[in-house]
Amino acid sequence: MEIFEQKEVLRSFEILVDRREQPTERSRKRMESFEVPYSPATLSYGDYAYNATLPNGSKIYDVSATINPICAVERKMDLDELARCFAQGRQRFQREFERAMDQGCRIYLLCENASWENLINGKYRSKVNANAFTASAMAWMVRYNMNVVFCKEETSGRLIREILYRDLKERLENGEYG
Numbered sequence: 434m435e436i437f438e439q440k441e442v443l444r445s446f447e448i449l450v451d452r453r454e455q456p457t458e459r460s461r462k463r464m465e466s467f468e469v470p471y472s473p474a475t476l477s478y479g480d481y482a483y484n485a486t487l488p489n490g491s492k493i494y495d496v497s498a499t500i501n502p503i504c505a506v507e508r509k510m511d512l513d514e515l516a517r518c519f520a521q522g523r524q525r526f527q528r529e530f531e532r533a534m535d536q537g538c539r540i541y542l543l544c545e546n547a548s549w550e551n552l553i554n555g556k557y558r559s560k561v562n563a564n565a566f567t568a569s570a571m572a573w574m575v576r577y578n579m580n581v582v583f584c585k586e587e588t589s590g591r592l593i594r595e596i597l598y599r600d601l602k603e604r605l606e607n608g609e610y611g
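Each residue of the sequence shown is one higher than the one before, counting from 434 in our numbering.
No lab work stands behind these hints: they were computed from the structure.
It cannot be assumed that every hint is accurate.
What the hints assert, rightly or not - For lysine-lysine, the following DSSO-like pairs were computed, each having C-alpha atoms within a straight-line distance of at most 30 Å:
1) K492 with K560
2) K462 with K492
3) K440 with K556
4) K509 with K602
Stated by the list, open to error - Ranges of calculated distance between the beta carbons of each label pair, as one might list FRET restraints:
5) E586 with I436: 33 to 39 Å
6) D511 with K602: 28 to 34 Å
7) P456 with I436: 37 to 43 Å
8) R453 with E586: 33 to 39 Å
Where is the CB? At the ideal position from N, CA and C, for every residue including glycine.
Working from the sequences, and respecting the hints, build out all of it.
Take a look at the structure:
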């Protein structure tokens, strides 16, 4: 793919938002901060993925079907929500990451209002032991080749956009889309 074609594909970049994401004031602000088009889609895993129009006019993904994205961002609102995923909802959470791994997905876990320091030092409301929580996060990073991103709530939309945009750009430059 020629450089001018890559630029055209990048101009058509849009974010796919999983239909199961709850519509809240917070989610509306996050999506507005994408500053690119976004649309609902059914994702097999993750909360956000991307789509774009290729030089032949086709989209990377058909949004009328369930999508197994090659790159996805799983977002959690804070360490307490993440702790629930590792404790009470572990099997469901694990199945989601296994589906992503089986599809060769590059997956990012973005946790708002959090930091490694808060996780390691138990600075969250959940009763999950800090050592066990840290061990689970580290084990999942290795097991599922997961990238962990901690951020403030107000920067999550921009980070989601940047992660997905850079993944698409890298794949275009590497010739993965033609």
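Structure-based check of all given hints:
1. K492 with K560: Violated - the C-alpha atoms of K560 and K492 are around 45 Å apart, more than 30 Å.
2. K462 with K492: holds, 26 Å
3. K440 with K556: Roughly 44 Å between the alpha carbons, so the hint for K440 and K556 is violated.
4. K509 with K602: Distance ~25 Å between K509 and K602 Cα, so the pair holds.
5. E586 with I436: 33 to 39 Å: holds, 36 Å
6. D511 with K602: 28 to 34 Å: holds, 30 Å
7. P456 with I436: 37 to 43 Å: holds, 39 Å
8. R453 with E586: 33 to 39 Å: At roughly 20 Å between Cβ atoms, E586 and R453 fall outside 33 to 39 Å, so the hint is violated.
In the structure shown, a violation is registered for the earlier hints numbered 1, 3 and 8, in ascending order.
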